[in-house]
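For this one, chain A is given, so just place chain B with the ligand on it according to the hints.
Chains as they are written, first to last, in this note's numbering: chain A, 1 to 258; chain B, 1 to 319.
Accuracy of the hints is not assured; some may be wrong.
[To be verified] Where chain B lies over chain A, by a calculated footprint (3+ residues, C-beta under 8 Å):
#1 162-169
#2 177-191
#3 200-208
These are computed hints drawn from the structure, not numbers from a lab.
Note that CB positions come from ideal geometry on N, CA and C, so glycine has one too.
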Amino acid sequence: MKILVCLKQVPHKDARLEVASDGSWIEEGNLKFEINEYDTYALEEALRIKDAGDAEVVVVSIGPERVVQSLRTALGMGADRAIHVCDDALEKTDSLGVAKTLAAVAKDEEFDLVLMGLMSDDANYALTGPMLAERLGIAHAAGIVKETLSDGSVEVERELEGGSLGVVSLPLPCLLTTQTGMNEVRYASLKGIMQAKKKPLDKKSLADLGLTASDVEPKVTVEKIYAPLKGEGAEIIEGSASEVADKLISKIKELGLL
Amino acid sequence: MAKILIVGEVHNGELLEATLELVTLARNVGGELSSLVIGSGVAAVAEELSKKGGGKVLLADDAFLENYTVDAYTQVICKAIDAESPDLVLIPNTSSGWDVAGKLAAKLDTGIATDVIRIEEDGGDLVFIRRMFNAKFDARLRLAGSPRIATVQPGACEAFEGTEAGSVEALDVSGLESRTKFVELRQAPAGGHDLTKAEFVISGGRGLQKPENFEQLLKPLVEALGAQMGASRPVVDAGWLPHDYQVGTSGQIVSPKLYIAIGISGAIQHLVGMKNSNYIIAINKDADAPIFEVADLGVVADLFEIVPALTEAAVAAKS
Ligand SMILES: Cc1cc2nc3c(=O)[nH]c(=O)nc-3n(C[C@H](O)[C@H](O)[C@H](O)COP(=O)(O)OP(=O)(O)OC[C@H]3O[C@@H](n4cnc5c(N)ncnc54)[C@H](O)[C@@H]3O)c2cc1C
Numbered sequence: 001m002k003i004l005v006c007l008k009q010v011p012h013k014d015a016r017l018e019v020a021s022d023g024s025w026i027e028e029g030n031l032k033f034e035i036n037e038y039d040t041y042a043l044e045e046a047l048r049i050k051d052a053g054d055a056e057v058v059v060v061s062i063g064p065e066r067v068v069q070s071l072r073t074a075l076g077m078g079a080d081r082a083i084h085v086c087d088d089a090l091e092k093t094d095s096l097g098v099a100k101t102l103a104a105v106a107k108d109e110e111f112d113l114v115l116m117g118l119m120s121d122d123a124n125y126a127l128t129g130p131m132l133a134e135r136l137g138i139a140h141a142a143g144i145v146k147e148t149l150s151d152g153s154v155e156v157e158r159e160l161e162g163g164s165l166g167v168v169s170l171p172l173p174c175l176l177t178t179q180t181g182m183n184e185v186r187y188a189s190l191k192g193i194m195q196a197k198k199k200p201l202d203k204k205s206l207a208d209l210g211l212t213a214s215d216v217e218p219k220v221t222v223e224k225i226y227a228p229l230k231g232e233g234a235e236i237i238e239g240s241a242s243e244v245a246d247k248l249i250s251k252i253k254e255l256g257l258l
Numbered sequence: 001m002a003k004i005l006i007v008g009e010v011h012n013g014e015l016l017e018a019t020l021e022l023v024t025l026a027r028n029v030g031g032e033l034s035s036l037v038i039g040s041g042v043a044a045v046a047e048e049l050s051k052k053g054g055g056k057v058l059l060a061d062d063a064f065l066e067n068y069t070v071d072a073y074t075q076v077i078c079k080a081i082d083a084e085s086p087d088l089v090l091i092p093n094t095s096s097g098w099d100v101a102g103k104l105a106a107k108l109d110t111g112i113a114t115d116v117i118r119i120e121e122d123g124g125d126l127v128f129i130r131r132m133f134n135a136k137f138d139a140r141l142r143l144a145g146s147p148r149i150a151t152v153q154p155g156a157c158e159a160f161e162g163t164e165a166g167s168v169e170a171l172d173v174s175g176l177e178s179r180t181k182f183v184e185l186r187q188a189p190a191g192g193h194d195l196t197k198a199e200f201v202i203s204g205g206r207g208l209q210k211p212e213n214f215e216q217l218l219k220p221l222v223e224a225l226g227a228q229m230g231a232s233r234p235v236v237d238a239g240w241l242p243h244d245y246q247v248g249t250s251g252q253i254v255s256p257k258l259y260i261a262i263g264i265s266g267a268i269q270h271l272v273g274m275k276n277s278n279y280i281i282a283i284n285k286d287a288d289a290p291i292f293e294v295a296d297l298g299v300v301a302d303l304f305e306i307v308p309a310l311t312e313a314a315v316a317a318k319s
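Only chain B is shown next, with the shape it has when bound in the complex:
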């Protein structure tokens, strides 16, 4: 029977939902479960996780762990692995997850799969399913080595909702060291373009090809419909629009009545930012674009034909 170790994540003193998603995943795989909670003054979080299905919770509580550093977290996870000898280690695929996971796998010289969305059993072995090529394909991976490590995409599973007795055990975390020094946390400067409360958002992606097309093609449509303009990350990376137009994990999370995605493929980091919209329309020339999986209504066509026609129809409808 497999032994699974979940590396929990705490944000601002609270258990990250993704940790409970790992509980669901681990229970589906089956086996003996333990979890790890890392931080300073996080005993209550460990207690909470033990009651929410995390199994035996190891508490790594130390002033040195108040702020995340990759070195110290790697050392703590190694100590937990030494204590529990798991066959499988699950880590949320968050910004600290992708910082620490590769280092850990290299240190332990073992197999790892990142951004996993499912784990299946096949012929007595585990198969790790993840997206590749920016979600154009799914891939089935097999891992050698021990323990095997998987980072798991937040949102890929439902959070575990059961309750149980659970137990918490302190993990000895003496002797931690870090070459990296934490300096500070900086919030992104609040931009003036707030999309979080917008009723109607029309976003353009890399498919619009150049900045002029946002001005000459997208803006007339947005204005004719009285919507707000949004964008995918490459548009902002290229400097075509400011950061406060970006929708997604590293931008704004929106939930309008209507979201229209134009020339956007539908990468997970974008979907996270808009999939809770009440109604979604996608315009994309690629019928296989993942955006059509979350859209209610789709148009498979060249945006350079559809957008002008739509602007014209919108202007006509208002007059």
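The shape of chain A in the complex, shown without the other chains:
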């Protein structure tokens, strides 16, 4: 069994984000980055399959030099090898460009399973997975909360509205995107981190993958990002903690709940 896990590095959840001076993305200069939470569940799921039997887990990430750190973390958690795709032409590409690049990475590897998060915590597009499956010509299911592998196929639970689940079965090879909370993600152990230093980490450019800049020319352009326009919003109460508490208690009484 050979599994590819696609990881995106995104700003840390608690980072304070500011719009960059060109207005089309956030200022990345001083931010802390981490592996996209949705993707961590995909990685954990792959590592569980490996723990339960015989599997090679390959992790891939597209991005600047900083993403090496996330790949090392994934190797420390137990992935076997890593691929880092780094190319200036990928900086302004879109989800489809990313999917084309990942498809080129996967092309000659014959993966049985491709896993990644349902969406990324930065752009929230939820597109890369289904796009990659289409480019690879394999079946997919988006937003799964459970998978059970059997010979040549996998049965998954997709999360639908209101907490109901759609159970479907897919032939291997296939691609699955993971919803948050599907497992408990492990931490890299100290021993794991030491071992990770010896694991292979290949760096590839677009040219190495047989692609050119025009192959990843974006069809989607983010023209501008900005703080959402504020509506009327809430009436804000101020004061010391006990003053605020008293005002809230009066409100609760007024609503007849105390």
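Using the frame of chain A, we list chain B with the ligand on its own:
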């Protein structure tokens, strides 16, 4: 003039409200409108949509389409696109919407914007507005390629309420295939913690930082006020509270007299679950948190200071 194709959605034999919201959106953009209804035994739904403003409705009715599979739905949407040659395809951003939309865009090698809340015209071109970074920012997107595709956030527009004559045409859906096999639909196990009828819900979010704080900080407050405890998804994902505490699209939809959100940012999936509460109070240290947009009363402060003070005041008020 633009041609727009709406991909309708049917749940349990009924037209999903989000489909009629797309009708409103499409009419605001303007142009020639057609719609698609997919399923088995759904002729009446197609009829309904044609009378509710869906324009020319294409009916993809086949036993093979009884249950959603991404492969078959993609093939049907492609057939409808071939028949209508739209410039813009609108799809509800539901669990099937986000399964099918990316595949469709990759197949057609075209531009797509997901979870769109508005479409505006600017300089003869369309601009797609959506949230990013978990609603911290809005973004304006331009799309190349044809047709352009947008999935639209349910609830972003009012449902279209007009009526008209309308027409229904059958779409040839022979030769469908699916690698994915439908197995079954499973309802979430009903938990014992029912918030849907609660009068007073106090929910904690990721801002509470660790499970102990639900026990030691939030629970005393909830008990002092005689409320019920709820939570946002990350709290449940992390296993701090069971799933039947979760409020939101993938949890429970609540409408109490009073909802207090503590350390919750106000992501759309959470708001959908609580915005119909009669009165909303939010406590969050970030003045820009989107929860303050739906709250009636807000406290911009550290919850670790406010919650103990509030518990104390609640205990005092009762004695
Ligand atoms: C398909 C799908 C379904 C989903 N379904 C649901 C659902 O049903 N319910 C749900 O809730 N989410 C759901 N989500 C997840 C949702 O998108 C958000 O990720 C989630 O609601 C965020 O939870 P949160 O507000 O607790 O955490 P965060 O967004 O991390 O917010 C934490 C907040 O706490 C504040 N805070 C931190 N420390 C303090 C402090 N000391 N004092 C005061 N404030 C503080 C911060 O300012 C921040 O605003 C779903 C997502 C998807 C993709």
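Taking the hints in turn, this is what the structure says about them:
1. 162-169: holds (count 8)
2. 177-191: Satisfied; 3 residues make the cut.
3. 200-208: violated (count 0)
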